[in-house]
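Residue numbers (numbering that gives the first Met the number 0), protein chains in the order written: chain A, 0 to 332; chain B, 0 to 80.
Hints listed in this document are in silico derivations from the structure and should not be mistaken for laboratory results. Any given hint could be a false lead.
[Stated by the list, open to error] For each label pair, taking beta carbons as the anchor points, the in silico distance ranges come out as:
# : chain 1 : residue 1 : chain 2 : residue 2 : range
1 : A       : L175      : B       : G50       : 47 to 57 angstroms
2 : A       : T217      : B       : G50       : 40 to 50 angstroms
3 : B       : G50       : A       : G288      : 50 to 60 angstroms
[To be verified] From the structure, some residues in chain A lie toward chain B, with a derived Cβ separation under 8 angstroms:
#  : residue
4  : W22
5  : T23
6  : P24
7  : L25
8  : R148
9  : L194
10 : L195
11 : W315
12 : T323
13 : L326
14 : L330
The beta carbon of each residue, even a glycine, is placed where N, CA and C say it ideally should be.
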Amino acid sequence: MKHWWWKSLAIGLLLFASIAALWTPLSPALVHVEPDRIAPGPMEVLVTGYNSNFSNAGSSISFFENDGQRFCPERTEVVDDRHLRLFVQVPGGLRSSMTDLQVGQLRYPGAFYTQELGEGIADRNCEEGHVQDGVFTFPNRSILYESIRNLHFHVPMWFTMIALMAISMWKSTQVLGNTSLDRDRDALAAVHVGLLFCALGLMTGALWARATWGAFWTSDVKLNGAAVTALIYLAYLVLRGSVPDAHKRARLAAIYNIFAFMLLVMFLFVVPRLNAVDSLHPGNGGNSGFSDLDLDNRLRIIFYPAVLGWILLGLWMYDLRRRTSRLNELLEQ
Amino acid sequence: MRTLATLVLLFFTWIDSFAQGAPSWLEESLHGSGKMNTVVAVVAIIIIGVGIWMFAMDARIRSMEERMNGRQGDEHQGEQK
Numbered sequence: 000m001k002h003w004w005w006k007s008l009a010i011g012l013l014l015f016a017s018i019a020a021l022w023t024p025l026s027p028a029l030v031h032v033e034p035d036r037i038a039p040g041p042m043e044v045l046v047t048g049y050n051s052n053f054s055n056a057g058s059s060i061s062f063f064e065n066d067g068q069r070f071c072p073e074r075t076e077v078v079d080d081r082h083l084r085l086f087v088q089v090p091g092g093l094r095s096s097m098t099d100l101q102v103g104q105l106r107y108p109g110a111f112y113t114q115e116l117g118e119g120i121a122d123r124n125c126e127e128g129h130v131q132d133g134v135f136t137f138p139n140r141s142i143l144y145e146s147i148r149n150l151h152f153h154v155p156m157w158f159t160m161i162a163l164m165a166i167s168m169w170k171s172t173q174v175l176g177n178t179s180l181d182r183d184r185d186a187l188a189a190v191h192v193g194l195l196f197c198a199l200g201l202m203t204g205a206l207w208a209r210a211t212w213g214a215f216w217t218s219d220v221k222l223n224g225a226a227v228t229a230l231i232y233l234a235y236l237v238l239r240g241s242v243p244d245a246h247k248r249a250r251l252a253a254i255y256n257i258f259a260f261m262l263l264v265m266f267l268f269v270v271p272r273l274n275a276v277d278s279l280h281p282g283n284g285g286n287s288g289f290s291d292l293d294l295d296n297r298l299r300i301i302f303y304p305a306v307l308g309w310i311l312l313g314l315w316m317y318d319l320r321r322r323t324s325r326l327n328e329l330l331e332q
Numbered sequence: 000m001r002t003l004a005t006l007v008l009l010f011f012t013w014i015d016s017f018a019q020g021a022p023s024w025l026e027e028s029l030h031g032s033g034k035m036n037t038v039v040a041v042v043a044i045i046i047i048g049v050g051i052w053m054f055a056m057d058a059r060i061r062s063m064e065e066r067m068n069g070r071q072g073d074e075h076q077g078e079q080k
């Protein structure tokens, strides 16, 4: 039982994080207005919401805001929870070409392209909607939408891979001390499992890129860095295969492995963050990570357990791999 | 190995039908798909990946078992002689 506690912890954390990552609803948002341009005169606007609850009395109260000046719809018709029809008399003389829409507490900035501009209007005192927001939700961002959940699956793959490669490098430094074949075996096992997580990270990343950037692969510095890292570690396996003498192989592989980890750090963390480099990937090339979406830590509460859970699972897989490798060697003797 | 590569390729073409590119507002509002399909595909890939690893580990242990049984068999034969 003594060796089981962290394995149980791994399963528990993964269970919690995966269920929470899939079950938590997305925050409501306004996703579409039809038509998307307004001109002075009577207009009928169809508003589409996502996870919205327009039937709730306070959630359907709306106003338009143009350069800080508000005007209100004359009549509101709730079609269903996701659709709202607004009948509005658009005043002449709006100042800005962009008019925002707010329904309840949901804001759609720049919802309407505004035609026939003027010097401004008399600001109307519009009623503001209110929504009781007590539900635990994930941030709802355009482009990302539901795929924001991938944060809890794609990113932990890389954390786990890095943890395993770090263990591998640590074992390799121990090999250099006394050419221990046991440590060499451990280093190899960690790289094997690390490469699995690398492959999963690449594939899940490619899918996420397809849904948000429109292509499985772009020649982005972060993506290419990850691919080069994978190749470096594949070359580690090739190098091992090409040296027949076990002790020589252990030493050579250990030296290569230490350099490989340095290159991993360079390609995944240093190069994509250089000022001169542009990157689509969040957290690189001057982009912020998801921390700006996560002001109230709703993603972190699930993200950190997910990372810990996956790392523990990776360690468990590494443990199985090195134990079977040891048994295999004993059998061959 | 070639079968595996073909399978992976087939899998990706299949999965592509789930992970549509950045959808237009029309798709967005008509199908109501908030890119949940991508999440499902991502989770599927991870489970399949770990599953393949489990099968590989299973095969590894099995081959060791077989060798062990073979060795024990040899020892038994030795005893009988």
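Which numbered hints turn out to be false for this structure?
1, 2, 3, 4, 5, 6, 9, 11
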